[in-house]
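Engineer: One-letter residues, chain by chain:
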Amino acid sequence: MAGVRLIEVKEKILADNAKLAEESRAQLRKNRTMLLNLMSSPGSGKTSLIIRTMEELKGNVNLGVIEADIDSSIDAEKIAAGGIPAVQLRTGGFCHLEAAMVNQGLDALAEHNLDLIIIENIGNLVCPAEFDTGAHKNVMLLSVPEGDDKPLKYPLMFSICDLLLVNKIDYLSLSEFDLKALRERVLNLNPHIIILEISCKTGAGIDLWINWLKGEIAAFKK
Amino acid sequence: MHELPLTESILNIVLKYAAGNEANQVLSIHMQIGELSDVEEEWLQRYFDYLSKGTVAEGAKLKIERMPVVVQCVACQMLYEVQPAQMGSLVCPACGGKSGTLVSGREYHVKAMEVL
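Those sequence lines, one after another, are chains A and B.
At position 12 of the first sequence the residue is numbered 108 (our numbering), and the sequence of numbers has no breaks.
At position 41 of the second sequence the residue is numbered 49 (our numbering), and the sequence of numbers has no breaks.
One chain only, chain A, in its complex shape (with noise of 0.2 Å):
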């Protein structure tokens, strides 16, 4: 019998992942449509933005919703109400969503030809960071009552999206929210992030968003 050998591996451990979102991304392309990562803690605003979003793009952009928040089909029902298509996925107690998941979702959109797909991950600053999901944007809803210290606790969020949205910005006056602070933190982590400030509540500053929004669109489908 052979003694113990030692074999060289060499692999990636999320490969399989990260081959189904490059596989994803490429096909989206080719459809043109444009997949967007919206994450962010639970309760910062994420399906309240997306109600907005849908209200502003109407007639404009053909827009649908990927709904992974945990374990409800609520806010799945709140969207198609609004008329958009919007699939739920099971996720049950997921931390996270893999390209795998997602890609059911994309299956269950495909016959609607759609502009942009907005993907509405599980709350949750952490694991949501790791996987990619095939989106061609990652996008970060951090809401004032959560506080400015967060790129301080949850780096690797702040550092792998395109855009920042701090919401609920109607809140400042009752808090020690210090924007400036904040900025300069996100900034630090990641020089090339976009920093936008919104509430969904008042509607101060969605104008900016849904510029930003078209924008990428645009430059997407060019």
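Because the hints were derived from the structure by calculation, they are not lab data.
Incorrect hints may have been included.
As the list claims (entries may be wrong) - With a Cα cut of at most 20 Å, we get these calculated SDA-like pairs of lysine to any residue: (1) K106(B) x K318(A); (2) K108(A) x S17(B); (3) K249(A) x L98(B); (4) K108(A) x V111(B); (5) K318(A) x N307(A); (6) K108(A) x Q53(B); (7) K106(B) x K108(A).
As the list claims (entries may be wrong) - Where chain B lies over chain A, by a calculated footprint (3+ residues, C-beta under 8 Å): (8) 130 to 143; (9) 207 to 219; (10) 222 to 232; (11) 249 to 263.
Said to hold, decoys possible - Listing some non-contacts, in silico: residues in chain B with all C-beta distances to chain A over 10 Å: (12) E50; (13) Y55; (14) G67; (15) R74; (16) C103.
Just so you know, even glycine gets a beta-carbon here, dropped at the ideal spot from N, CA and C.
Given chain A, put chain B in place with the hints provided.
Structural biologist: Relative to chain A, chain B alone:
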């Protein structure tokens, strides 16, 4: 927090290489995981013990080398290591620049394994 899917992926790689190398038993698995990757090593091992039952990898020990977070200074291009907790307040040791881009620290690699 996502140790289970990671473990499945590790086991698939290990079983593929074990079969390809006609191994009868896997003794240990050497991995490199970046400091920024959120993994509880104890749970990774527990899940692995559970999932590998009845395979040639049953009983194998996971040996994890944590790889440092390396940042490149935007101002002077210097590469330097930081602790994950310092990511939000970077200071380049060469020029004092406060902006940096992440170069490494997110690795998830299976590097080698010991087999019989």
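Engineer: Apply the coverage criterion to the region 249 to 263 of chain A and chain B: a residue qualifies when its Cβ sits closer than 8 Å to a Cβ of the chain, and three qualifying residues are needed.
Structural biologist: holds (count 4)
Engineer: Below or equal to 20 Å on CA atoms is what counts here, so check K318(A) against N307(A).
Structural biologist: Between K318(A) and N307(A) the Cα gap is close to 17 Å, so the pair holds against 20 Å.
Engineer: Holds or violated: K108(A) with S17(B), Cα cutoff 20 Å?
Structural biologist: holds (9 Å)
Engineer: Cut-off 8 Å, C-beta pairs, minimum 3 residues; does the coverage of the region 222 to 232 of chain A by chain B stand?
Structural biologist: holds (count 4)
Engineer: May I ask you to check that E50(B) keeps its beta-carbon over 10 Å from the closest beta-carbon of chain A?
Structural biologist: Given a closest Cβ separation of 17 Å, the condition holds.
Engineer: Going straight from one Cα to the other, do K108(A) and Q53(B) come out at no more than 20 Å?
Structural biologist: It holds: about 18 Å lies between the C-alpha atoms, which stays within 20 Å.
Engineer: Could you check that no beta carbon of chain A comes within 10 Å of the beta carbon of R74(B)?
Structural biologist: holds (14 Å)
Engineer: Is it correct that the beta-carbon of C103(B) has no partner in chain A closer than or equal to 10 Å?
Structural biologist: holds (14 Å)
Engineer: Between the region 207 to 219 of chain A and chain B, see if three or more residues pass the 8 Å beta-carbon test, and mark the coverage as holds or violated.
Structural biologist: Violated: only 0 residues of the region 207 to 219 of chain A have a Cβ under 8 Å from chain B.
Engineer: Are the Cα positions of K106(B) and K318(A) separated by 20 Å at most?
Structural biologist: violated (36 Å)
Engineer: Going by Cβ atoms, does Y55(B) stay more than 10 Å from chain A at every point?
Structural biologist: holds (13 Å)
Engineer: Checking a non-interface call: every C-beta of chain A should be farther than 10 Å from the C-beta of G67(B). Is that right?
Structural biologist: At about 14 Å from chain A, G67(B) clears the 10 Å cut-off, so the statement holds.
Violation of the numbered hints given earlier is confined to hints 1, 7, 8, 9; the remaining hints are satisfied by the structure.
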